[in-house]
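Now for the letters of each chain:
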Amino acid sequence: MSEYNLEKLEAYLLNSLPTNERAEMEAEMKENSELREELEALKLTRQAIKMDGWKRTVSQVQDEFLSSRKSERASKQPRPIGATQLLLRIAASVVLVLAGSAMVVYFITTPEALAEKHNLTYSVPVMRTTDTLSSIEEAYRNGEFERVIALSQTPQPDQPIADFLGAMALLESGKVDSAITRMLEIQSGNRETGNSRFADELDYFLVKAYLQAQNYDQAGSVVHKIRADSGHTYYRNFTRSDLLKIKILKLKK
Amino acid sequence: MKLNQELTDEELIRKIADGKAMSPPIAQLYRQHYGMLEHYILKNSGTAADAADQIQEVMLVFVQLVSAGKFRGDAKISTVLFSICRNLWITELRKRKSTLIRNEKYMEEQEHITRYIDEQLEQQESLRVVMELFASLGKTCKTILSLFYYEELSMKEICKKLDFSSEQVLRNKKYKCLQNLTGQVRSSPAIKHLLLKALRHE
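The listed protein sequences derive, respectively, from chains A and B.
For what it's worth, our numbering labels the leading residue of the first sequence as 95, then goes sequentially.
For what it's worth, our numbering labels the leading residue of the second sequence as 125, then goes sequentially.
These are calculated hints, taken from the structure and not from any lab test.
Computed from a predicted structure; not experimentally measured.
Be careful, since some hints might not be right.
[Said to hold, decoys possible] For lysine to any residue, the following SDA-like pairs were computed, each having C-alpha atoms within a straight-line distance of at most 25 Å:
1) B:K316 x A:E131
2) A:K149 x B:G170
3) A:K137 x B:I137
4) A:K102 x B:R295
5) B:K316 x A:L108
6) A:K164 x B:H163
7) A:K344 x A:T333
8) A:K102 x B:G193
9) B:K200 x B:A151
10) A:K102 x B:L261
11) A:K149 x B:L217
12) A:K149 x B:K200
13) B:K144 x A:A105
14) B:K263 x A:L100
15) A:K149 x B:V253
16) A:K341 x A:D271
17) A:K164 x B:G170
[As the list claims (entries may be wrong)] Here are a few chain B residues that face chain A, going by a calculated C-beta distance under 8 Å:
18) M146
19) M183
20) S250
21) L251
22) V254
23) M255
24) Y273
25) Y299
26) Q303
27) L305
28) V309
29) R310
30) I315
31) L319
Even glycine gets a Cβ: it sits at the ideal position worked out from N, Cα and C.
I would like the entire structure built from these sequences, with the hints used as guidance.
Right, here's the structure in full:
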């Protein structure tokens, strides 16, 4: 061990020794290899202590950098979809498709389109056993609706068929409101007498008349009545889709 | 006033040489150069974990070069970091017995590596041994020496921070710690040759 203590050697390294002491030490270092070795060991030790600190700092910065890079990459990758999320997505797609379909139905539903679908015309049945038709039936069959209307207002041998054909003639002549009034009167009379003749036909043609008159509430109500009775003659003529379309027309009105 | 703006190479070197608030400039080195260095390791038989280990070492060597005034910006930082990285990685591959023929090729083809990097890397081995000796010191000794030589706190500040009864008591303690460490360094066969080599170069 040299006579120099560590503090003096450090002062030499830091260049803070007085000039004469520095010169003295340098002179001795030329002769004393142990002193040189000691000084070198001190330099190395000081560097290693600093390096230990830098290593800690670098390590901490690296951990932070890698961690933030990992988070960034994770946020850029599409996350795996869970079962619930998948179901929700499917549900959302279905809702979207339904909404789209509803929009299409909404826009293509028009009074004309619905009337076109329900454009049946009453025809006088021809019975093979019957050789002759009444005059009102003959007129209706020939499309002489004004004559039918006139005849229906006079007493006829078969008054119920005369009333019904009168109502049909009004409908075919475009006198929709009068046709509705006449059909409602026939229905009312039937209820009083317990007569059910033409009951199903009256329901169907009332719907047709209400649609033409754009009275969608009443049209819907009669369609509900028809659909509630599977034995109704016109049960198969109306679907749920028709009810939906009637509601859409009501909304559009 | 600069906000969220990256420092230039010159500014980075100045900040690192200053030795205070080292984290921000080192973080910038990571942001700007980690990808390039990692790519090199991955392309040359390394894994992502190898890259992380090597790059930490690269940064440490770079900080030392700057701190010792051996690198003052006479080349681009990216060039110096890449040279350190390649040198370290070739050495690492050489150490691994599974070294492939193509790794030998790298060694043959390696470009001229600046002399100061070579010297620093050579010294790095000895420093690593001293760091191990430092790590084996008692907790108080390590704290005092680190606060004094790395944090560059004054004896007064350390005295207050570590609750010593007086500066003289602290001074004596620090002296003993340093003496103990340098004694171990001088008697370490692993670094004896470096000390002698350093003396021969003087």
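Hint check:
1. B:K316 x A:E131: Between B:K316 and A:E131 the Cα gap is close to 9 Å, so the pair holds against 25 Å.
2. A:K149 x B:G170: Holds. A:K149 to B:G170 sits at ~22 Å (cutoff 25 Å).
3. A:K137 x B:I137: The hint holds at about 23 Å.
4. A:K102 x B:R295: 14 Å, holds
5. B:K316 x A:L108: Holds: B:K316 and A:L108 sit about 23 Å apart, inside 25 Å.
6. A:K164 x B:H163: Roughly 16 Å separates the two Cα atoms, so the pair holds.
7. A:K344 x A:T333: Judged against 25 Å, a Cα distance of about 17 Å means the pair holds.
8. A:K102 x B:G193: 24 Å, holds
9. B:K200 x B:A151: 17 Å, holds
10. A:K102 x B:L261: 23 Å, holds
11. A:K149 x B:L217: 22 Å, holds
12. A:K149 x B:K200: 23 Å, holds
13. B:K144 x A:A105: 22 Å, holds
14. B:K263 x A:L100: 21 Å, holds
15. A:K149 x B:V253: Satisfied, since the Cα-Cα distance of roughly 14 Å is no more than 25 Å.
16. A:K341 x A:D271: At roughly 21 Å apart (the allowed maximum being 25 Å), A:D271 and A:K341 satisfy the hint.
17. A:K164 x B:G170: 19 Å, holds
18. M146: With Cβ-Cβ at 5 Å, under 8 Å, it holds.
19. M183: Holds, about 5 Å.
20. S250: Status holds, d = 6 Å.
21. L251: At about 5 Å, which falls below the 8 Å cut-off, the nearest Cβ of chain A leaves the hint on B:L251 intact, so it holds.
22. V254: 3 Å, holds
23. M255: 5 Å, holds
24. Y273: OK, holds: B:Y273 within 8 Å of chain A, min 4 Å.
25. Y299: Since chain A brings a Cβ to about 6 Å from B:Y299, closer than 8 Å, the hint holds.
26. Q303: B:Q303 check passes; min Cβ-Cβ to chain A is 6 Å, inside 8 Å.
27. L305: Holds: closest Cβ of chain A sits about 5 Å from B:L305, inside 8 Å.
28. V309: For B:V309, the interface hint holds, since the closest Cβ of chain A sits about 5 Å away, which is under 8 Å.
29. R310: 5 Å, holds
30. I315: This hint holds: B:I315 lies near chain A, its Cβ roughly 7 Å from the closest one there, short of 8 Å.
31. L319: This interface hint holds because 5 Å falls under the 8 Å limit.
Every hint, counting from the list given before, is met by this structure.
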